[in-house]
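J.: So the protein sequences, as listed, match chains A and B. For reference, each letter of the first sequence is one residue, going 1 to 704 in the UniProt record's numbering. For reference, each letter of the second sequence is one residue, going 1 to 704 in the UniProt record's numbering.
To be clear, the hints were calculated from the coordinates, so they are not data collected in a lab. Careful: at least some of the hints might be erroneous.
Heads up, the list lumps identical chains together, so a pair's fine if it works in one copy or across two of them.
Here are the simulated DSS-like cross-link-like pairs (lysine-lysine), alpha carbons at most 30 Å apart as the crow flies [as the list claims (entries may be wrong)]: (1) Lys75 - Lys184; (2) Lys82 - Lys59; (3) Lys604 - Lys636; (4) Lys636 - Lys175.
Keep in mind it's a predicted model, so treat the numbers as computed, not measured.
There are 2 protein chains.
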Amino acid sequence: MSTDPLVLFMPSGKRGHFPVGTPVLEAARSLGVYVESVCGGRATCGRCQIEVQEGRFAKHGITSANEHISAIGPKELRYAEKRELKPGRRLSCSATIEGDLVIDVPQDVQVNAQTIRKDVDTRSIERNPAVHMCYVEVEEPDMHKPLGDLDRLKAALEKDWGYKELQVDAYLLPKLQQILRKEKWGVTAAIHHGEETGRPTLIALWPGLKNEAYGIACDIGSTTIAMHLSSLLSGRTLASAGASNPQIRFGEDLMSRVSYVMMNPDGREAMTLAVREAVNNLVDKVCADGGIAREDILDAVFVGNPIMHHLFLGIDPTELGGAPFALAVSGAMHLKSSDIGLPMNPGTRVYMLPCIAGHVGADAAAATLSEGPHRQDEMMLLVDVGTNAEIVLGNRQRTVAASSPTGPAFEGAEISGGQRAAPGAIERVRIDPDTLEPKFRIIGVEQWSDEPGFAEAASRTGITGICGSAIIEVIAEMYLSGIISEDGVIDGSLAQIQEKCEAVFRPDLRKKNNARSPRITANGRTFSYLLHEGSPRIAITQNDVRAIQLAKAALYAGVKLLMDKLGIDHVDQIRFAGAFGSFIDPKYAMVLGLIPDCELENVKAVGNAAGTGARMALLNRDYRREVEETVGRIEKIETALEPKFQEHFVYAMAIPNKVDPFPKLSAAVKLPERKSDGDGSDGPADGSPRRRSREERAARRNRG
Amino acid sequence: MSTDPLVLFMPSGKRGHFPVGTPVLEAARSLGVYVESVCGGRATCGRCQIEVQEGRFAKHGITSANEHISAIGPKELRYAEKRELKPGRRLSCSATIEGDLVIDVPQDVQVNAQTIRKDVDTRSIERNPAVHMCYVEVEEPDMHKPLGDLDRLKAALEKDWGYKELQVDAYLLPKLQQILRKEKWGVTAAIHHGEETGRPTLIALWPGLKNEAYGIACDIGSTTIAMHLSSLLSGRTLASAGASNPQIRFGEDLMSRVSYVMMNPDGREAMTLAVREAVNNLVDKVCADGGIAREDILDAVFVGNPIMHHLFLGIDPTELGGAPFALAVSGAMHLKSSDIGLPMNPGTRVYMLPCIAGHVGADAAAATLSEGPHRQDEMMLLVDVGTNAEIVLGNRQRTVAASSPTGPAFEGAEISGGQRAAPGAIERVRIDPDTLEPKFRIIGVEQWSDEPGFAEAASRTGITGICGSAIIEVIAEMYLSGIISEDGVIDGSLAQIQEKCEAVFRPDLRKKNNARSPRITANGRTFSYLLHEGSPRIAITQNDVRAIQLAKAALYAGVKLLMDKLGIDHVDQIRFAGAFGSFIDPKYAMVLGLIPDCELENVKAVGNAAGTGARMALLNRDYRREVEETVGRIEKIETALEPKFQEHFVYAMAIPNKVDPFPKLSAAVKLPERKSDGDGSDGPADGSPRRRSREERAARRNRG
């Protein structure tokens, strides 16, 4: 065993023996512990700060003490005096190992007077960005060794930082001489690590020490574009901003945008310009909010669904509008920001995550990277609900993905009172199982509708409609309170005023429970449930229920196909990604049978997981390799081609499901008694949902 | 020993045994014999033609016969019928080895009806261009394997052509879908081999079979820009063109252009734009001459002296105007043509050869590549005469380089009757040693001035001045005929009309030979030699002789320093590169002592060797590695820093030289008897040339 001191780095836990006198930074690097350094050990950038954790660490057999690190030297002292070095902090480039140490690498090294406006999420992302800032002092020209300025710069970058066969962005050539001479041959180089090219590239150069570099991570959604600005040197998020996708003016949903391209000769170009302009405006906004210059953004990561991905790259998405749903590009893309009309620094690089399949995009890849089903043993289902639900299911061993054509119902389209999530929209609903009276909340108002002050508060926005999350809730609550059957039929026998009339036509209703509510009214041959009497009048019609049934059945059938593929009958974890997922109550989603049975506590909304994944790929290039490798391994299921889809779909039309038992949900929520026994033996092998409903109704009538 | 058939490829001489049935193309590839193929073995491009050489090749132990190659098959027959296959030619992708063969790989495979307008030189350059054309058939989209179009294209290029981890030019992304679908997923890809990036890159793509690709090679001289257009698939030169460098309007010589940049804020930009515009016009011209489209140019190679190199790249050349003559960039550059304002194909690549030193540019590197001192055992001196002479000396073991400040005298500047080489300029001079009467030729007229018809022919252009090559000749002839001494003094004693007057002041002249000529006339205290009485009157003055002495002494001193460095006292081969070199008669150059003693037959003008080197680097990327490696090994001598320069310079003021014996020249040309014994023992250690001449004159006077 080595008699050299033992050094343990936290939080990574990496450890090793090093000779007395080894700089801590060198020890960290040799263990692969990422500690930032721009100045290359000159004790001027202050990025390489660490802290000694004192004490006896019995588990590791280390007694760590401040005496085991060298006393502060003159260079470090100069930094501490000129800048600011918090008590206990040391510069790891200058401090040397003198005995056993436990070293903490803090994630909050902040060297400039920069204000951190917003922390996107609490997740701390281990850093290893694709762009590194490297200060070097270049040899002056020498007539005896007539190497060019650039060639001597390359030599310095190889000697001090180990970069070999460096490529150079052409735009730098005319600027080199001045930059090199301005601060007496001291320069900071931004080096992009070239996974895609195999060689590192010099992408930007500044005179003297340039001690900041930034990156943006952006999720281009069909509806919303979200962007984060992060420091590549500290990992901190300086600003976040969002904007509507201006392509909405060409079409609300994805398919109407594809149609627009097909119908209009300049449609593709117009939509590309629109989305790029919106992204450019967001760059301006995050720069203003973060107090930085656009030129200091050196790296950018973009994700989006396949159609957004293609339009952003200037690629015609028409092929994605029909079978075989051929992506023009599926692999990860490495570009310059100037290639796609995003002027930042002339050397700024752009990385786009890979798409998984024609309907499972780079956003799903990013969400996968963020939630990491492939990093764990438990079986995780990751769902991003939209016009197309993107579904990923798997664990460390195997991961599968598909999209399901849920249609726009979950987004409030095709629903009589449906609308986007906006102030005034109903977002939560409860129905009293005894009185069948509802209460609800609307976006922008704290109180429930039965609480004092609600009416006054609601008068500011009005009660304008019902948004996606509330549609889920109201239908689930209608089911729980017996207003609709497991087949989704609104029980007309509960209608108060039309009872007699109904009784004439529908003798089956007479045997139902005897609660009666004026909220249940007939619409021709079907019934609806009145949620809010006002202007507009908001009611849940039989058609609304059917639309949600179709949407949730499509989603569930997709999930089931993936479960079949993996040969599993339950999942351990469920993650809802995306804005819609953030507002869904997992309980109601499961009651409705949107998602398979699972411990409720293991169903979580993860917000903009795609944005988080983009930020991970921005801050750590290892995640780029990880997502590329993972997407390469993901097995893609094309739901339209799977013969069992139809069967799963038909069963999933029932609430929560015709055949699946949902034991964990039953343990947590009292579900109405099932009418069918759920063994699936009498399930029809095919048939459209509507046809099947008619058949079932007929069957029940016969039974009745 | 293998019992498989033995196959020998000519002209490379590479040989190997291959199993019966091996396609000839496959055998060639496995031996590293470059045989072009675009269609990848589909017998459609016709590029892979070979010929069987029949007969008994005793030296190789091969009896080669047409029966030893497979009979023409249906695919080959179809090509032969549709296109044209010359008798005896076979497609090596289809023809298989059936017995011992000697295979000739012809260098003139021509598959289109393209006219070859001009062959630049007779040199056949073995091909291995940086851009390869590769036809592939891409798999159609498949919902079960949702790889993108690009990703399937990459897979096809890896499978059929072995290209791994292919990069893609971003401009292609929006075009991919249409190109792939136009000819049913058959496309031709242009792949650039990425020495600079480590990875190959897809730079252009066409539907179907694209059976042509072109490149340009361009030498940007201070005075003239020369360009060649070559087929990358056949190696043929389709067109060549030249143009004046429009930067001349900013300054005749290099240093005046550097001054212009220093004096004018927009000077650099104006000169960059000027040279790029001229290059663009030349591209148009060679495309028109070659009958091809600009977009079909996929690769371009540029060379130039350091100042032209920098200005072309948009780099300020001011640093090159003074010590330490720092190049901004010395290594080879890999760019896109769009980086430097040369619109061709959006994917066109540009390669610039490395510069050797601050005054020894990429043109000298290209000339070195062309003439190849580093490829042979003999010691070769390569000289490119200009305002700065670029000098390379060496052999396989070791190569050194320097520049010498010859000044503009050789270009006709600083010479009283001097002018550029142009119609009407005297280009050849002979002086009758008895009568001291001259005869000459002028550019544009066949006859010598003493031949019938000269006056009439010359009246069209006039006799306008004397160009560089004739200045060398007239001064050498003046020396050979005794008009000037080895010290370069015009012998006033030969002046007819001033004899008496001279005799009074200069008793030393009385002992001279008694030829007398009215052409020798006094100018104040010195004399001149009248070459042509007319308008203008063209005479060689003592100042003219001195200017040439200074220039040639600088060149020779530079050569001597390089010889010192290598420890050699003679050279085996001398090559004059550049336009000036093409017109110099080696004999006169050596009589004057411009170049060291050498067998006259081993002194050759090689024309635009820089252009040839550029063409080599265009047609074979192995030459790029060779020139980069060679330039890396060349030892650079900065003449200004060498203490012995002055001494060599002073000796070299004499004609041919004060101390060097020139035995080979003496054997070929009757030189005047030397006045000094040439042992060098009495040579002054320093002193300016003028001062030394005065001293010598005084010494002679005393002796006299």
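J.: Taking the hints in turn, state whether each one holds.
T.: We went through each hint and held it up to the structure:
no. : hint            : verdict
1   : Lys75 - Lys184  : within (20 Å within a copy, 67 Å between copies)
2   : Lys82 - Lys59   : neither (39 Å within a copy, 81 Å between copies)
3   : Lys604 - Lys636 : within (24 Å within a copy, 69 Å between copies)
4   : Lys636 - Lys175 : between (48 Å within a copy, 26 Å between copies)
This entry does not satisfy hint 2, going by the numbered hints stated previously; all others are met.
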